[in-house]
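*Asks:* Listed here are the chains, written in short residue letters.
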Amino acid sequence: MTAFLQIQAIKKQWAHTVTVGPITLDIARGEILALLGPSGSGKTTMLRLLAGFETADSGRILVANDDVTTLPPARRRFGMVFQHYALFPHLDVGENVGFGLRGRGKGDEGRVQQKISEALALVDLAGYERRTVHELSGGQQQRVALARALAPEPRVLLLDEPLSNLDPSLRERTRRELRQVIKRVGITTVFVTHEQEEAFDLGDRIAVINAGRLEQTGAPEELYEKPANLFVATFVGRASVFRGAAARALCGSSGAQDAVVVVRPERLRFAPTGLPGIVRERRYIGAAAFFTVESETAGVDRFEVLAEPAAARVGERVHVQATRAISL
Amino acid sequence: MRRMRGSELAAAGLVLLLAWLVVYPILIVALDAADTTALRAFFTRPGEWAALWASLWISLASVVLAGAIGIPLAFLFEWFDFPGRKTLGALVALPVVLPPLVGVIAFLFLYGESGFIARALQATLGLEQAPWRLQGASAILLVHAYSMYVYFYLFTRAGLARLDVSMLEAAQALGADRRGTFWRVIVPLLRPALVGAAMLTFMTALGSFSAPYIFGGGFRVMTTQIVATKLNGDLPLAMVETVALAVVAVVGLLLLRRTEGEDILVALGKGIAPRPRPIRRRGVRLLATAAGWGLAVVLLLPHLTLLLVSLVPYGAWTTEILPPVLNFQNYGRLFSEAERLRPMINSLWMAAASTAVAVAVALLGGWLVVRRRVALRRAIEALLALPWALPGTVFAIALAITFSVTAPLQLRFVLVGTAVILPLAYLVRALPLTGRGILASYRQLDPSLEEAAASLGAGRWRTLARVTIPQLRPGLAAGASLAFVAGLGDMVASIVLYTYETRPVSIEILSSLRLSETGVAAAFGVVLMLVSALVLGIGARR
Chain R
0 MTAFLQIQAI
10 KKQWAHTVTV
20 GPITLDIARG
30 EILALLGPSG
40 SGKTTMLRLL
50 AGFETADSGR
60 ILVANDDVTT
70 LPPARRRFGM
80 VFQHYALFPH
90 LDVGENVGFG
100 LRGRGKGDEG
110 RVQQKISEAL
120 ALVDLAGYER
130 RTVHELSGGQ
140 QQRVALARAL
150 APEPRVLLLD
160 EPLSNLDPSL
170 RERTRRELRQ
180 VIKRVGITTV
190 FVTHEQEEAF
200 DLGDRIAVIN
210 AGRLEQTGAP
220 EELYEKPANL
230 FVATFVGRAS
240 VFRGAAARAL
250 CGSSGAQDAV
260 VVVRPERLRF
270 APTGLPGIVR
280 ERRYIGAAAF
290 FTVESETAGV
300 DRFEVLAEPA
310 AARVGERVHV
320 QATRAISL
Chain F
0 MRRMRGSELA
10 AAGLVLLLAW
20 LVVYPILIVA
30 LDAADTTALR
40 AFFTRPGEWA
50 ALWASLWISL
60 ASVVLAGAIG
70 IPLAFLFEWF
80 DFPGRKTLGA
90 LVALPVVLPP
100 LVGVIAFLFL
110 YGESGFIARA
120 LQATLGLEQA
130 PWRLQGASAI
140 LLVHAYSMYV
150 YFYLFTRAGL
160 ARLDVSMLEA
170 AQALGADRRG
180 TFWRVIVPLL
190 RPALVGAAML
200 TFMTALGSFS
210 APYIFGGGFR
220 VMTTQIVATK
230 LNGDLPLAMV
240 ETVALAVVAV
250 VGLLLLRRTE
260 GEDILVALGK
270 GIAPRPRPIR
280 RRGVRLLATA
290 AGWGLAVVLL
300 LPHLTLLLVS
310 LVPYGAWTTE
320 ILPPVLNFQN
330 YGRLFSEAER
340 LRPMINSLWM
350 AAASTAVAVA
360 VALLGGWLVV
370 RRRVALRRAI
380 EALLALPWAL
390 PGTVFAIALA
400 ITFSVTAPLQ
410 LRFVLVGTAV
420 ILPLAYLVRA
430 LPLTGRGILA
440 SYRQLDPSLE
450 EAAASLGAGR
460 WRTLARVTIP
470 QLRPGLAAGA
480 SLAFVAGLGD
490 MVASIVLYTY
500 ETRPVSIEIL
510 SSLRLSETGV
520 AAAFGVVLML
530 VSALVLGIGA
540 RR
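Chains as they are written, first to last, in numbering that gives the first Met the number 0: chain R, 0 to 327; chain F, 0 to 541.
Check before you lean on any hint, since a few could be wrong.
[Claimed, not checked] Here are the simulated lysine to any residue pairs, SDA-like style, with alpha carbons at most 25 Å apart:
{"id": "1", "chain 1": "R", "residue 1": "Lys-114", "chain 2": "F", "residue 2": "Trp-182"}
{"id": "2", "chain 1": "R", "residue 1": "Lys-10", "chain 2": "F", "residue 2": "Trp-182"}
{"id": "3", "chain 1": "R", "residue 1": "Lys-182", "chain 2": "R", "residue 2": "Leu-61"}
[Said to hold, decoys possible] Among the chain R residues that face chain F by a calculated CB cut under 7 Å, a handful are:
{"id": "4", "residue": "Pro-72"}
{"id": "5", "residue": "Ala-73"}
{"id": "6", "residue": "Met-79"}
{"id": "7", "residue": "Phe-98"}
{"id": "8", "residue": "Ala-218"}
{"id": "9", "residue": "Ala-227"}
{"id": "10", "residue": "Phe-230"}
{"id": "11", "residue": "Phe-269"}
{"id": "12", "residue": "Thr-272"}
{"id": "13", "residue": "Ala-287"}
Think of the hints as simulated: they come from the structure by calculation, not from any bench. Only a predicted model underlies this, so the values are computations on that prediction, with no experimental measurement involved. Glycine residues also receive a C-beta, built at the ideal position from the N, C-alpha and C atoms.
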């Protein structure tokens, strides 16, 4: 992998207690990287450091071996889509998209108009130039924001929670369309999200950030199947944690005294032997059901099993085995 | 269905009442002004055109000056952080608590030819005469700039506070530098606020009476010209002048409105205003702090001067730079002499009564316009706003003429000379203030709150008292406090309509000045200032 965008030991300290970084990350040309983390983890700060709205205390940011660490946002040539889009309400759609194409010494109005049409066509809004921003739906506004960011042909595209402002029903479709546009343009992209599903669906690779630190970087499958630590295991996808006696009961008697295993709900099943417990709750989701099992064994309190809807009843005493556990 | 008809009837009644109060007097003046001799006199006398022209250019110059002071101040206080920023930011709005006449006499005591500054210069330089005379257009503009920059300051700060920081970041990410961001994003987004401030300043300056009355000397603007003509007994000419001033006001407003455009500040997302940036460089920081405190002193000087002069007993201060004796004698006279106490009580009750009625009318109007959506809602809104579009002198003359004859069939009664006419005049001026505040709040009020109260068994009055009014409180309190303060300090309408029995404080201040009782005049001014500050403070509380 040849790194196009390099983040080298970037660090930013807020107050005395809150520190983001040092974070080091390489992003390949044309790759879509998701910064995934809970709120307050520092993922948005990371994005703003990339955009240049915040200045790093130490570390470097390079684009194609060009050091942009101290460059102001206006000269970085990074396109950004804001969480609430930040479309200029005093300009119409075409003027919004053309904003980055105009300004000092960028003349040739015919060329500008052509680029505006191209950018709008790219996001499937051809002919929307003279609409006002207020007439557009949320999804259309999002696409205008994308067209505006892409029109000046930036080197890197940054997206801040790109889908959080949309109706859940719209998100899945928009996500696909967004990925198609980005892949068609071939632009290197970094986006921030707190939703695992969004990161999986949109990102080629995911960087999990927690408390200002980079926990793990990898493809979705890698994070899901081989989490580097407990945080990644429980934050990316559902999982229950078993320690000591409970872990041994679940996976057979092998395993160390202080073993910690993490198991996804779909990798647990009811069996004649295993970890004993009582079913306390059953949540039916159609094809299957989540069973909440309460255990008296030391090392786990309550955990979830995903199984056939008829696999157990509330109040029933059961035994649970793991078909696949992640040892940490 | 019957209920709907009830509110339509109420709306019709309200429209008739407002039309009688707000439109009818103006119509009568306009009709009476169609008098050929008066018209000929108006068009041939050069003094008339000069006064009209003076009104216009003074108003426009006031807008430019007020903007030049208020806009940079707003940016300074909203965007930069330096020691004392919060305190100073509040102090900068202080000229608001000075009713126009009080501000004018404070300027007189401070910068006038026998004011503190002139005396000090005279003494230090050993001059025979005062170094200047505070008179004419420049004196008027000085007072206007001092009292009206606050509109630009407050409007611009409010506009900046509503600015979404991501707009500025978006511009930067798209390659705009600071200058580009300022001209291509910030200024267009602030335009509605700036135009609003310009309209308010223009209207206030055009209707300004106290400053030209005290400082004008031979320099006449239309407001003082009208009153002078009326005092000379030339009523027909006064009416023509009134109509001319009204026309200038309306044309000016229409022209300004055209530049406003629609209110585009309705942000798409939730905007977070940019946080004030600390000034890091020590030199600049010191400079900003020093400039800020220096400014605060300049702004506070009129208030302090007023306070000082109010403590000087009658005849105790002649040629000294600073007064030799200070005591509370003037205040003692204010509150012990029945003839001095009366104007105070008059002003208080007349302002309170007009405010109470204006609030009631605005509440009814708001309910009919927003909740009932009556057919006449546009008429109600227009009538409530109309008095704002015309200078106070216009309404004073119109009311004086309309209500000085008995013609019950024409709905005209003799009210001039009674205790009713001044509160009525204040009421007309108060309507736009309470109307604007209450209607805006009513629009933001979620109707389901009132429905929830009703479903919980609250009747109409209980809902009004326990849910609607508490929810409308910010707009209601702001409008009511402005209306009360305007009535309390009014001079424009009072000077045309007062009688000895009903004279308000402003008239008493004028006669004290005429008798050279500057201490008493200042004491009245201080009391007005304190009451105004108190009421505005309560009104602005969230």
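*Asks:* Can you name, in rising order, the numbers of the hints this structure does not satisfy?
*Replies:* Violated hints (numbers, rising): 2, 8, 9, 10, 11, 12, 13; every other hint is consistent with the structure.
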